[in-house]
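Novice: Same order as they appear, the protein sequences are chains A and B. When we follow this note's numbering, the leftmost residue of the first sequence carries the number 1, and every step to the right adds one. When we follow this note's numbering, the leftmost residue of the second sequence carries the number 188, and every step to the right adds one.
Any given hint might turn out to be false.
Claimed, not checked - Calculated Cβ distances over 12 Å to all of chain A for the following chain B residues:
#, residue
1, Thr234
2, Glu296
3, Ala309
4, Ser314
5, Asp341
6, Ala366
What the hints assert, rightly or not - Derived Cβ-Cβ restraints for the label pairs, each shown as a range:
#, chain 1, residue 1, chain 2, residue 2, range
7, B, Thr351, A, Arg177, 31 to 41 Å
8, A, Asp143, B, Asp294, 35 to 45 Å
9, A, Glu145, B, His297, 35 to 45 Å
10, A, Ser137, B, Leu322, 35 to 45 Å
It should be emphasised that the hints constitute simulated quantities derived from the structure, not laboratory data. We treat Cβ as the ideally placed atom computed from N, Cα and C, and that holds for glycine.
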Amino acid sequence: MRMLLLAAAIALSACGQDTSTQSANACARSATHEVSWSAEGAPDTITTRADGPSCAQAVVTFVARNSAGDPLWAFSSTYYDMTFGGIPPEGAPPVTNEQMDAFLAGWANVTEARTAAFLPEWREGFDTLSASAQTFSYDTPFDRETYEMLRMRDLPMICYAAAVEASQCLIIDPASRAPTMIVAYGP
Amino acid sequence: MFDHRSCIASANDDRGVRTMMRALFLGALALVASACSQQQAGRCDFTHTREIAFSGAGADRVTVRSFGPSCDKAIGVYEIADSDGNPVWAWASPLQRAFGDVFTAEDPEHMETFLEEWSQPAIGRTSDAPEWAALVPGQATLDELTYADIRARDLPMLCHFSGTARQTCVFWEPAAGGAGHLFDRDVEETVE
Chain A
1 MRMLLLAAAI ALSACGQDTS TQSANACARS ATHEVSWSAE GAPDTITTRA DGPSCAQAVV
61 TFVARNSAGD PLWAFSSTYY DMTFGGIPPE GAPPVTNEQM DAFLAGWANV TEARTAAFLP
121 EWREGFDTLS ASAQTFSYDT PFDRETYEML RMRDLPMICY AAAVEASQCL IIDPASRAPT
181 MIVAYGP
Chain B
188 MFDHRSCIAS ANDDRGVRTM MRALFLGALA LVASACSQQQ AGRCDFTHTR EIAFSGAGAD
248 RVTVRSFGPS CDKAIGVYEI ADSDGNPVWA WASPLQRAFG DVFTAEDPEH METFLEEWSQ
308 PAIGRTSDAP EWAALVPGQA TLDELTYADI RARDLPMLCH FSGTARQTCV FWEPAAGGAG
368 HLFDRDVEET VE
């Protein structure tokens, strides 16, 4: 009997380590949303998750995976930077699980669009896309010729929040088949 | 007199009770091991944490995580938190996309070794960063004036691997109590 009690004690001790891990990650929450992006007829999955000692101190991660589970894209920031900007001030109110769940669900619910309809034209004679667009401030890693080529191919695109007032839009590069950011934009 | 003892005559003659207890003990341990490892079974969820001195205000902490259905499909997250536990920087990427086909589903131990090495950033000062003129387009996301100002103020700088032979460098802004991206750089050494 003592041996059984010893085994039970070891069991509690071993599983207790999991408990301490959980308390170090007291805001382990996630949300998922299916999108049609990388391949027609095979939905991708967007998963947003939070990890942190508290929800106010959480790091939040955005992950897109294809239907086979291969990761296509990942982005990470802090909850506070995504919702208020910067870091929390002294005495900032706590963030509830419900608030975090609402944020994660909204973040996972990305905008699905087509490049030709959604993206602004980079008109000839303008040095930057932003100068050409005259609405939001746009940034693209591509030169005008490549940007316009990609835009006019009317590719499926998803856009997700990357900060309080900033979004990033992703396409699947038709040449390399790799996920690529085509624009980042904000006010 | 009624004897409450069992019929065991001696320690060496227990009619199989000890054998049975030993089997129960081992069985219980096996059950425990099974139950406690179910959370990780087949997945690639690992974490490594290390204390560092970055902000200059208490011990900061780097936490690196991998998560995914298997290690060849894992996401890597790099977090820096201040001494109060507030995250000041986070970076994420599919690990195969950043570091190549070095992670296999069959070798999760390699991921743990990688995370341990990944959690060791290079700490320096922003004055070590290259001059604006030496940067190629896209290497920094700041404008020239801001970049030059941060470099001239000689602030704490932390560089972590963000790809094979590639590091992302962030600076500590004491006025804001936060970190920001400064520039990316190629490095000769690689994380195995």
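Novice: Decide, hint by hint, whether the structure agrees.
Specialist: Quick rundown of the hints versus the structure:
The Cβ of threonine 234 of chain B sits about 8 Å from the closest Cβ of chain A, inside the 12 Å cut-off, so the non-interface label is violated. The claim that glutamate 296 of chain B lies off the interface holds: its Cβ sits roughly 19 Å from the closest Cβ of chain A, which is beyond the 12 Å cut-off. No beta-carbon of chain A comes within 12 Å of the beta-carbon of alanine 309 of chain B; the shortest separation is about 20 Å. Every CB of chain A lies more than 12 Å from the CB of serine 314 of chain B, the least distance being 24 Å, so the non-interface label holds.
Every CB of chain A is more than 12 Å from the CB of aspartate 341 of chain B (nearest about 22 Å), matching its label as outside the interface. Taking the minimum C-beta to C-beta distance to chain A, about 9 Å, the non-interface status of alanine 366 of chain B is violated against the 12 Å cut. A C-beta distance of roughly 20 Å is found between threonine 351 of chain B and arginine 177 of chain A, which places it outside the suggested range of 31 to 41 Å. At roughly 41 Å, the beta carbons of aspartate 143 of chain A and aspartate 294 of chain B sit within the given window of 35 to 45 Å.
For the hinted restraint 35 to 45 Å between glutamate 145 of chain A and histidine 297 of chain B, the CB-CB distance of approximately 42 Å keeps it satisfied. Separated by about 21 Å at the C-beta atoms, serine 137 of chain A and leucine 322 of chain B break the suggested range of 35 to 45 Å.
Checked against the numbered hints given earlier, this structure breaks hints 1, 6, 7 and 10; the rest are met.
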